[in-house]
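Asker: Given next are the chains, with one letter for each unit.
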Amino acid sequence: MEKEPFFSAKNLKLLTEPLGRSNPVTVLVLGVCSALAVTVKLEPAVAMAVAVTAVIAVSSFIMSLLRSTIPNRIRIIVQLVIVSLMVILVDQVLRAFAYDVSKQLSVFVGLIITNCIVMGRIEAFALGNKPWPSLIDGIGNGLGYGMILVAVSCCRELLGSGTLWGYRVIPSSFYIANGGVYENNGLVILPPMALILLGIIIWVQRSRSKNPAKR
Amino acid sequence: MNKDSNQYIYLYSIALVVAVAAVLSVVATLLKPFQQKNVEVEKKQSILLSVHKAAGVKKAKSKAQHIEDEYAKYITGSYIVSSLGATQEGDAFAVNLEEEAAKPAASRKLPVFICSDDDSTLKYVIPVRGTGLWGPIWGYVALHDDFSTIYGVVFDHQGETPGLGAEISTPEFQRQFAGKQIFDATPMFTSVKVVKGGNTRGRPHEVDAISGGTITSQGLEKMLLDNLSAYLPFFKEQQRMQGAKQRQREREKKEKEEEEERALLQAKQDEAARIARWAAAASAAQALQKDTTGAAPAEKEESKPVEQAENL
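Top line first, the protein sequences correspond to chains A and B.
Residues 1 to 215 (this note's numbering) make up the first sequence, in order.
Residues 1001 to 1312 (this note's numbering) make up the second sequence, in order.
Please keep in mind that the hints were generated in silico from the structure rather than gathered at the bench.
Glycine included, each C-beta is placed from N, C-alpha and C at the ideal position.
Check each hint, because a few of them may be wrong.
[What the hints assert, rightly or not] Pairwise CB distance ranges, derived in the manner of DEER restraints:
no., chain 1, residue 1, chain 2, residue 2, range
1, B, VAL1026, A, ILE74, 44 to 52 angstroms
2, A, THR69, B, ALA1022, 13 to 21 angstroms
3, A, VAL29, B, ALA1055, 40 to 48 angstroms
4, B, GLN1007, A, CYS33, 35 to 43 angstroms
5, B, LEU1024, A, THR69, 56 to 64 angstroms
6, B, VAL1027, A, VAL29, 28 to 36 angstroms
7, B, GLY1135, A, LEU187, 45 to 53 angstroms
8, B, SER1211, A, LEU19, 52 to 60 angstroms
9, A, CYS33, B, LYS1073, 45 to 53 angstroms
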């Protein structure tokens, strides 16, 4: 068996493809629920992106190591057990060493288990590939998911609260309450607007890259 | 062994579950002290924030150490209040509000933390706990020593909607509470209401609600009403004592004033008597002088009108 370098062209492609052409959120339309839930503000969105990336990467790696031993009939259950293990570990470690972040993510850390991207990548990639490419694929998909989260949450925090990362961007003197002409858009804070924003992102990407879903 | 045989599947799943359970329990045991410490530090930080302390925590090298130091410096006492308002010694910090809420109202332990401020006034911190839209909300209300004026509040939540209900944990929302009254002039208990419609300046029992966070706002209002009303006997008792002290002080002040007034009056009377005596003595001397040596230069003025009258 010939040895492949760690960052071969093929492996790098695994990392970059999910950022664009095969983005898990916009192209595969996976993980949409959490993309709607945690994108009201930028900070929790970034924390969520990091947590999801860690969980996908490590559980893809472990599943890939175990792939030849797993009985086919219970493989989904085995995947679930491993993913839950990782999610609980992430949650526990955050609670012990990054308490503020864990408070911000609250219930959504636990809900990483239900993120379709995690199970989707394990089922589609890790079970058929070696551990190292699986790890890279996991990181790539996590980042691709995170990218969309950041894009959506930037729009929502800016238009809905007038801030970015908690810092005021739109000066408070612009607001009607302070004698200005501007008011925050209340709809942007609510989940339906996140879905509309996500739809716009998907539309823009698909119209630019010649329908990657059919490829 | 055949990978698809039942035997293999059983063995595989048992081994997997045992291994995962072992990893999880080891990790949970190892991390528990850190997690508990975090929870404890956070509680102390919340108590300090409600009395406007621990502001420099972001600059501090060790957050936990800074909080512990500040807590030891400012929070000088605590006690547990019964539902009848009697205070008793006890570890107020260890009281779990969630467990207390499940007990019948009469046997609940109500913790109070006492903060000795820099200007040597006392603030009383009352923990509160209630329900928002998605889960529990909680906080601390610091009262001035009149047990009616709010000095500061801090609220937090488990999973309220970010940007909507979660706004209760922002300083902008919490700042509104400072200076509000939980008793009106009667004095009837009014709590603090969370109302729609902007500016609540000049309205001592209301704060502005959060747009889009109606249920959280209502939950917060109910939380304040429920938790603070449990302390009513305690507040009344303390206010009565405060009132008695105040009256005592006023009485003492009044007595002192009266005494001073009496002393002043006495002094005036003495003065008047002295002047009268002096005047009498002077006029006697004058009369004597007139008779013997005629008009002295000082008395010329006085005698002028008489001379003028004579000239006419």
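Asker: All hints are to be evaluated individually against the structure, with a verdict given for each.
Answerer: Each hint, compared with the structure:
Checked against the hint of 44 to 52 angstroms, the pair VAL1026(B) and ILE74(A) fails, with Cβ atoms roughly 25 angstroms apart. As the Cβ distance of THR69(A) to ALA1022(B) is approximately 18 angstroms, the hint placing it in 13 to 21 angstroms holds. Against the hinted window of 40 to 48 angstroms, the Cβ-Cβ separation of VAL29(A) and ALA1055(B) comes to about 46 angstroms, which satisfies the hint. Take GLN1007(B) and CYS33(A): their Cβ atoms lie about 39 angstroms apart, and the range 35 to 43 angstroms holds.
The hint said 56 to 64 angstroms for the Cβ distance between LEU1024(B) and THR69(A), and at roughly 21 angstroms that hint is violated. A hinted range of 28 to 36 angstroms holds for the C-beta pair VAL1027(B) and VAL29(A), which are about 34 angstroms apart. GLY1135(B) and LEU187(A) have their C-beta atoms about 25 angstroms apart, which leaves the hinted 45 to 53 angstroms range violated. A C-beta distance of roughly 36 angstroms is found between SER1211(B) and LEU19(A), which places it outside the suggested range of 52 to 60 angstroms.
Between CYS33(A) and LYS1073(B) the C-beta distance comes to about 46 angstroms, which sits within the given range of 45 to 53 angstroms.
Hint compliance for this structure: hints 1, 5, 7, 8 are not met, and every other hint is.
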